[in-house]
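Trainee: Taken in order, these protein sequences are the chains called A and B.
Take 1 as the starting number for the first sequence in the numbering used here and just add one per residue.
Take 1001 as the starting number for the second sequence in the numbering used here and just add one per residue.
Derived from the structure by calculation, the hints contain no laboratory data.
Accuracy of the hints is not assured; some may be wrong.
What the hints assert, rightly or not - Listed below are the simulated DSBU-like cross-link pairs for lysine-lysine, each with C-alpha atoms no more than 35 Å apart in a straight line:
no., chain 1, residue 1, chain 2, residue 2
1, B, LYS1117, B, LYS1072
2, B, LYS1155, A, LYS107
3, A, LYS107, B, LYS1224
4, B, LYS1052, A, LYS107
5, A, LYS107, A, LYS76
6, B, LYS1155, B, LYS1052
7, B, LYS1117, B, LYS1227
8, B, LYS1052, B, LYS1072
9, A, LYS107, A, LYS127
Stated by the list, open to error - Computed far set for chain A versus chain B, every beta-carbon distance over 12 Å:
no., residue
10, TYR51
11, LEU94
12, VAL203
Idealized CB from N, CA, C, for every residue including glycine.
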Amino acid sequence: MTRRGTWILLIGVGVLALAAGLILEGYSLRVLTLGLIAALALLGLNLIFGYCGLIHLGQAGFVGIGAYTSAILTTKAGWPMVVSIPTAVAVTALAAGLISVPLLRLKGHYLALATVGVNVVLELVAKNWVELTNGYNGIAGIPRLAEAVSDSTPERTFLFIATVTLLLGIGLSARLRDSHLGRAMIAVRDDETAAMVAGVNVVRVRVTAFVLGAVFAAVSGVLFAHYTGFISPTDFGVPISILYLVMIIVGGEASIGGVVAGAVIMTFLPELLRDAAERLVAIGLSDGGLIVRLLDEGYLAVYGLITLLVLVFMPKGLAGLIHRLSTKAEAT
Amino acid sequence: MLELSALTVRYGLVEAVNGVSLTVAEGETVALLGANGAGKTTLLRAISGLVKLVDGTITMAGDDLAGVAVEKRVRRGLVHVPERRRIFGGLTVEENLAVAASAWRRFGQPIENDLEKVYAFLPRLAERRSQRGWSLSGGEQQMLAIGRALMARPKVLLLDEPSLGLAPAIADEVFGRIRAIAAEGVTVLVVEQNTVLALSTAARGYVLENGCIALEGESQALLKDPKVREAYLGGAAA
Ligand SMILES: Nc1ncnc2c1ncn2[C@@H]1O[C@H](COP(=O)(O)OP(=O)(O)OP(=O)(O)O)[C@@H](O)[C@H]1O
Ligand SMILES: [Mg+2]
């Protein structure tokens, strides 16, 4: 991305997020905040999958490591958030580094399957190590970041925190894309052999991408934990990891703006669908029939459908679509 | 400068290279000829470390390369331009070049001088510097593949079929650049199907057949050799 493009994106996202934060209320505001938090995890996955080409179906697991570490440290060990949050990020990075050594020996489908395996194991640990994680019950009463800053408007305060963190993440991603490391990641994605003979240390680049991506995941996780105040194993399961990958594909892989848009749109989608279902019921068009149930509960099916449509009709995602439209506009 | 002795490489049970010995002196240009499937690409891959040896040794400037990783060989100046160019499609021309400075860049040296040299040497790349790799023509891609190799500051350059798929005039242009690189003192080992072009560039040549060296000699002698003429020059050429 050009330097100008990065600034436009940063300002655009910042203004949009804060404006929406002023207009939206209650539940919609909450969904927006969750969308911004998801976008951080996605920016991390974008480094791993979008830039480096590693199919990673376990990103939610690393979001979970971050969330659980900080949640446990604050609720069980009584650590203050200023210490627990950086510790959680460091623990996640360390875990990613250790796991990446055996993991990244695998390629393609095998790697994808192995990352699912990692996520499943992490979920099992969260469900069964009850003394530490409270198992299925999850951890409640996690201290809230926003309340530590401001008592009167915690929702808006947190949106501000999430927006600023996301902007940092976007800036970092853009810087990385234009750094030697970022170029090396794309070289490894495009052609591993050519990257090797160009003198790139392929293993090191992959591990770095994986660990950096996990750091983004951890930040997303600690924000989630200290925003909602409650986490449970299903927040970080394989279905969430799959959703992340779907969001990247919808947004357009390797495009920072597309990834952020994909995250926000896909987070709003279930709410929009639920809304649509309620309207259908309200105007008496349906009384809870198949369509309503599908809209209300079957949003995974709708995600699947959207992904399919995107893959078939716009393989470069939203970013590709916008690029096509803008070049068309320039041409006329 | 580069010395292979009794090199053997297998893919599973298939013996692709079988007991090959050859040498390339410092500053020399040597051609490696052979039919499809003779094992030429495999031999270059073995030299750059992309495939493991079953047997034999490779030394560069007297140092045994056994156990030296691919990117470490690049850092020592052993640079491979792979078959079919293998450009990074998602990177611009300039980024393709910049990433190939990986080998020495970690010492914190700026790459601008190297970039300028490559652009001066291959002016067509300068015109295309912000174009994505995938959008280049075949000839431009080959130039970029060579430019990328130059960014790694080669002492020994391994080229795999640089004329593959190029129109004759472009192939001549590419070989003109290869000669210019050799004239700077770089040692060159070039694999080529275009026998005339290869032997008019190289001082010596080897002919590989089924993984073994079948013939070797001065380029002029090889060009006159009846076996070479029959196999690679269609026999009729006078
Ligand atoms: N990855 C591989 N796995 C198994 N066999 C291989 C592999 N690569 C090459 N071979 C086999 O090894 C032999 C030598 O192949 P190689 O590519 O080195 O030949 P070449 O001389 O470069 O041919 P060409 O002129 O077609 O490029 C062939 O029989 C080929 O089928
Ligand atoms: Mg070959």
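Trainee: Over 12 Å from every CB of chain B: does TYR51/A meet that, or does the non-interface label fail?
Mentor: About 9 Å separates TYR51/A from the closest Cβ of chain B, which leaves it inside 12 Å; violated.
Trainee: Please work out if LYS1155/B and LYS1052/B have their alpha carbons no farther apart than 35 Å.
Mentor: Distance ~22 Å between LYS1155/B and LYS1052/B Cα, so the pair holds.
Trainee: Below or equal to 35 Å on CA atoms is what counts here, so check LYS1117/B against LYS1072/B.
Mentor: 23 Å, holds
Trainee: Starting from LYS107/A, check that the Cα of LYS1224/B is at most 35 Å away, please.
Mentor: This hinted pair is violated, its Cα atoms lying about 49 Å apart.
Trainee: Given the hinted pair LYS1052/B and LYS1072/B, is their alpha-carbon gap at most 35 Å?
Mentor: Distance ~15 Å between LYS1052/B and LYS1072/B Cα, so the pair holds.
Trainee: Could you grab the alpha-carbon distance between LYS1155/B and LYS107/A and see if it respects the 35 Å cut-off?
Mentor: 33 Å, holds
Trainee: A cut-off of 12 Å on Cβ-Cβ distance, and VAL203/A was said to be off the interface with chain B. Does that hold?
Mentor: Incorrect as stated: the minimum Cβ-Cβ distance to chain B is 9 Å, not above 12 Å.
Trainee: Is the straight-line distance between the alpha-carbon of LYS1052/B and that of LYS107/A 35 Å or less?
Mentor: The hint holds at about 19 Å.
Trainee: Between the alpha carbons of LYS1117/B and LYS1227/B, is the straight-line distance 35 Å or under?
Mentor: It is violated: about 42 Å lies between the C-alpha atoms, which goes past 35 Å.
Trainee: Holds or violated: LYS107/A with LYS127/A, Cα cutoff 35 Å?
Mentor: Cα-Cα ~29 Å, so holds.
Trainee: Taking 35 Å as the top limit, are the C-alpha atoms of LYS107/A and LYS76/A close enough?
Mentor: 39 Å, violated
Trainee: LEU94/A clear of chain B by more than 12 Å, beta carbon to beta carbon?
Mentor: Correct as stated: the minimum Cβ-Cβ distance to chain B is 24 Å, above 12 Å.
In terms of the numbered hints stated before, the structure departs from hints 3, 5, 7, 10 and 12, listed from lowest to highest.
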